[in-house]
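K.L.:
Starting from the given sequences, assemble the full structure and let the hints guide the process.
Residue numbers (our numbering), protein chains in the order written: chain A, 1 to 354; chain B, 1 to 354; chain C, 1 to 354; chain D, 1 to 354.
Derived by calculation from the structure, the hints in this document are not laboratory data.
Computed from the model, here is a short list of chain D residues facing chain C with C-beta under 8 Å:
(1) R125
(2) I204
(3) I217
(4) L236
(5) N261
(6) K295
(7) P296
(8) V300
(9) M313
(10) N352
16 Å max Cα-Cα, derived EDC-like pairs, lysine to aspartate or glutamate:
(11) D:K256 - C:E200
(12) B:K75 - B:D37
(13) C:K99 - C:D310
(14) D:K99 - A:E73
(15) A:K185 - A:E175
(16) B:K113 - A:D267
Keep in mind that this is a model prediction, so the values were computed, not measured.
Where a beta carbon is used, it is the ideal one built from N, C-alpha and C, also for glycine.
Protein chains: 4
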Amino acid sequence: MAGNSFGTLFRLTTFGESHGRALGGIVDGCPAGITLDVEAIQKELNRRKPGQSAIVTQRKEPDTVEIYSGLFEGKTTGTPIGFAIHNTNQKSKDYSHIKDSYRPSHADYVYDKKYGFRDYRGGGRSSARETASRVVAGAIAKQMLSEIKITAYVSQVGDLKMDKNYAELDFNEIENNPVRCPDPKMAAEMERYIKSIKKEGDTIGGVISCVAQNVPIGLGEPVFDKLHAELGKAMLSINAVKGFEYGSGFAGVRMKGSAHNDQYNADGSTKTNLSGGVQGGISNGMDIYFNVAFKPVATVLQGYETITKDGEMVQTQGKGRHDPCVVPRAVPIVEAMTALVLADYSLLARTNRI
Amino acid sequence: MAGNSFGTLFRLTTFGESHGRALGGIVDGCPAGITLDVEAIQKELNRRKPGQSAIVTQRKEPDTVEIYSGLFEGKTTGTPIGFAIHNTNQKSKDYSHIKDSYRPSHADYVYDKKYGFRDYRGGGRSSARETASRVVAGAIAKQMLSEIKITAYVSQVGDLKMDKNYAELDFNEIENNPVRCPDPKMAAEMERYIKSIKKEGDTIGGVISCVAQNVPIGLGEPVFDKLHAELGKAMLSINAVKGFEYGSGFAGVRMKGSAHNDQYNADGSTKTNLSGGVQGGISNGMDIYFNVAFKPVATVLQGYETITKDGEMVQTQGKGRHDPCVVPRAVPIVEAMTALVLADYSLLARTNRI
Amino acid sequence: MAGNSFGTLFRLTTFGESHGRALGGIVDGCPAGITLDVEAIQKELNRRKPGQSAIVTQRKEPDTVEIYSGLFEGKTTGTPIGFAIHNTNQKSKDYSHIKDSYRPSHADYVYDKKYGFRDYRGGGRSSARETASRVVAGAIAKQMLSEIKITAYVSQVGDLKMDKNYAELDFNEIENNPVRCPDPKMAAEMERYIKSIKKEGDTIGGVISCVAQNVPIGLGEPVFDKLHAELGKAMLSINAVKGFEYGSGFAGVRMKGSAHNDQYNADGSTKTNLSGGVQGGISNGMDIYFNVAFKPVATVLQGYETITKDGEMVQTQGKGRHDPCVVPRAVPIVEAMTALVLADYSLLARTNRI
Amino acid sequence: MAGNSFGTLFRLTTFGESHGRALGGIVDGCPAGITLDVEAIQKELNRRKPGQSAIVTQRKEPDTVEIYSGLFEGKTTGTPIGFAIHNTNQKSKDYSHIKDSYRPSHADYVYDKKYGFRDYRGGGRSSARETASRVVAGAIAKQMLSEIKITAYVSQVGDLKMDKNYAELDFNEIENNPVRCPDPKMAAEMERYIKSIKKEGDTIGGVISCVAQNVPIGLGEPVFDKLHAELGKAMLSINAVKGFEYGSGFAGVRMKGSAHNDQYNADGSTKTNLSGGVQGGISNGMDIYFNVAFKPVATVLQGYETITKDGEMVQTQGKGRHDPCVVPRAVPIVEAMTALVLADYSLLARTNRI
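P.N.:
Shown next, in the form of structure tokens:
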């Protein structure tokens, strides 16, 4: 169990390297009887796909998912859903320059130390290409959770931070711009900024915010498997993520309890929602919302000094087709991981009571 | 599996309510042959104990751990270590006022909805008293990890934020003040502030920073079980935690890749450490450091309005013996959860290679 | 995870050595709202207790279970149920003779090789005393499964084999004799035989048969976690078990398919039940029945030659208070493990469909 | 987690229906650095393949495995090994006769009850075709366990039982006959018998014996995860298996302890091996051997009465291409499952001691 599975009952296991023959996965534990829209899965995958706009990597990969099992006459059968995405545009030669040296702030060095050697082509298993499998599984989870609405969007790129609360935003705007920021003016600024960063051969970080609405009360286990703890792990498992906060988050530490407590309405809803929809690790029926911090992509198209396998310092140069900013393409990944957590915890919650 | 276990190979399972007969746990998977200092375990527990200073809850509980199994002639035997802490100072009557109404931002409401009823005494299982078991297990893990040094401390209380990097601090100062802040001047300010908050019958949030030093290269699994993802889940599973960031964290999103990348020295160490000791989910031998955000404790000793089980609005008043600020007592808990993750991932890392 | 947990959703974790301070366990995942009869748990434990008749070990241990958590006002709360049984009659000196030498067909040798040393007192963790915790958890599981009737009994001791099918037996007779064989005449023969074996200072093997009635259709997962596979593992995990067969078992290999197939009645029940209540790994609503083979207890009160830690041959003599035949006391253990499997699989089966 | 994974550290997850597009799996946790012979994997698969002799099903399927990931320059990388076997010879029309009625002693009925409907083509997920994925994974495990020799063979078909101990057999004979029985005379008898059974349109059961030699001391966890318990579960999870016994097995119940105990030699080996290589759940370095009972295949090519989905009795007729006796093709499956258990427990055993 080298950590390539996620979830207890609704469980995804993935495989695949950036430049191998295929990547894919198995969703085990998906309940029987869900009418599955395979095109909707492909659509989610297209949101993550390279080459979709000028501000993302220009690699051309169709990323077509093939579903091998677990579906019969359009419905899930309760058996595992196996799927694969075949790689078609591997240019392994692009990566010969990193074969023997370690890219700074990449996983190259630790892979070599941990495993004794590594598949260096495109970062191998450490490539964010792996997340394509998560998007497929997340799209299945979303269809299982048809009542719940999960929406992620870019809320910050570098210093450009959208200070609006999610309730003030029009989520319909998210897919109307390549940044996936629901505020059109801010989106335009962000787009310009990312383009300028790209021109420098540099990269920049960002924040994705996510909201899950209409989540039933009672998801989450009280102690180690608190709902927000699992969401946190899910997000932190995405490449380049450096932080996670939900509800009031880091800002909440500055508040007094008297101001931070969410007062109840008679129906059990709360007047405020600094709790972020989770109390004691369990969903309380209010919106769940959280922020995910992404560092700048490590691959910069600039010269840099680094070390070789043999500990020699070398001067080298970043190349290849890379994202100047990871957050636009990471939006569907954040949604997918959220869906996986909620699907799994929905099933777990079926066993609370006799 | 209602979420009361943590870890894959070095695995802690806990039980116990705030006002039940006892709480405790089982550590399964602790390797044989560790000479275990039981007093050192009790010492860690004493750091978490109520009543230890004027700025924490004044409950008096000895919190004495009894070890039932897994030790023979002073050494771990490789069999499960069962332990219990008997409750001695339960004043269940203190809690009759919350029997039928829900305290805002507490778990009362969601427990009732999830399970149909709840053990309301002292918050039952949702009480942070459960973390005593984590401290016991963490103290065992620390002894297993004798080479690794894990240090947590309070870096922020409300708006009082210590802006020093951990490298500038004298960790020996941490236990010299009741706040557990290594900067004596800041500690004194924080102490005064917590006392004033307490006088108001209010509470305040805070941040705990943690550093793990001398961690071997290679801990962490590349995809879902990234080392920092598991650390994040571990921290977010602690009561009152709202956020987690490691290395450059949320500040890192404002940086460019060219500035954020940690350049290598010839020996594989890095000149900077914005990665926070983890690359691609795997420890790289540099210090691991992270921040954990705690919200203000929800129990305020003030009047408030809330709802009853039957949906009626009632006016009530917080009472009992509570912490005005949770972070001083949470320091050993953060260390314990860190130790549990590192112990587990150390064992997992033994299986990387043939 | 050194294998001291059993079950996925209804999960038991145990601790404790034969001569440690206490043994016990944690049941995690027991649904909330079960009215738990604690005396019924103790009663099951008494069925397993030493000293209950002339044909079992004459050790005197009260084996009183204390429940520490997870119960409130007589009902399960959905939180983990921690429990302990304190050891009161350890005579560790009895075991000094095995400190340095290995008893044949015991776990002494492999423990030393695996862990580097062992707690030799009473066999330490390898003692069947550990199964007391299973009986406690099984008794909880039984109460959860109030509709299902689980009955185990002794069907063979040495060559004395009861050739009746379970349907011909009066289960009310089981507890009327110390052997726990439902056929009074055969029980008397078995009792006499065990007594003669005991007089020789020898031991003898036996078979326990078990029937689970009124099991709902649909328990069991199709591939690796087939219901009978988990039952098999559960049984094989009991000390001294050498074999497991269900339905037609080993005798079924001699049959032709045309004779072995269970023909359907119109209501979905089957005219015969060679399937043993499980088809394709899933319960079909018919009675589940199986046999469990127990070897003769390894400790014989006779002289024998063996080796020491240092590889020297020594002449020694078995002593202490031991069972001449393990099956009478193992009947409640077989029932407990069956209950644990069915409780767990009942919860898993709640997640089959959307 | 609907039970499609096997193992803790060396973990196989499978997918695929009999008549879907493909079946396959993911091996997670395979250590890095194993030089993997892909042809050897295909060879194992060929041993399980339909159409290989006159006494097995005459379906023609190439069963070619494609490996998608986890290999680089001929060696395992420590990342998951994804693989698929594409179905090429599905004749779904063959199965239209079972669409609405339930074949006796098949999984048809319970699938419908559990999931609400089923993929009836070729038995869907309940088909033994799923075991092809196990053979692939087992072949990888075998290569990891290069020191250990795992040998399975047919020891009984119907009443034809080979009474020789494995030590008296020449394992080189196993692959020399289509039955996979190492005794050529008995093999010829069995072959004739299976042919006569086939001519009747009937089926017959059998027993596979398996021996694992050169297993290191110390594999197996003492309580629930005893080595033989996991082996038992592994075997019982194979389609059509009805029983498992190891070492002295069911015959051992008739023995006295004084005769059953395996006396030690000075080097820790034992003079006899009724323990079957496992004591207290842990391997002791002696040969591990066990028997696995298979029922007769349920599909008989004869007329039979059964019920439809709507509970009507119908007269129908078995057809299609089926095995008259499952054991010859199940030999590589038994070996594969044995290898999976030993690989997993080898990795677990790395964590016994500090």
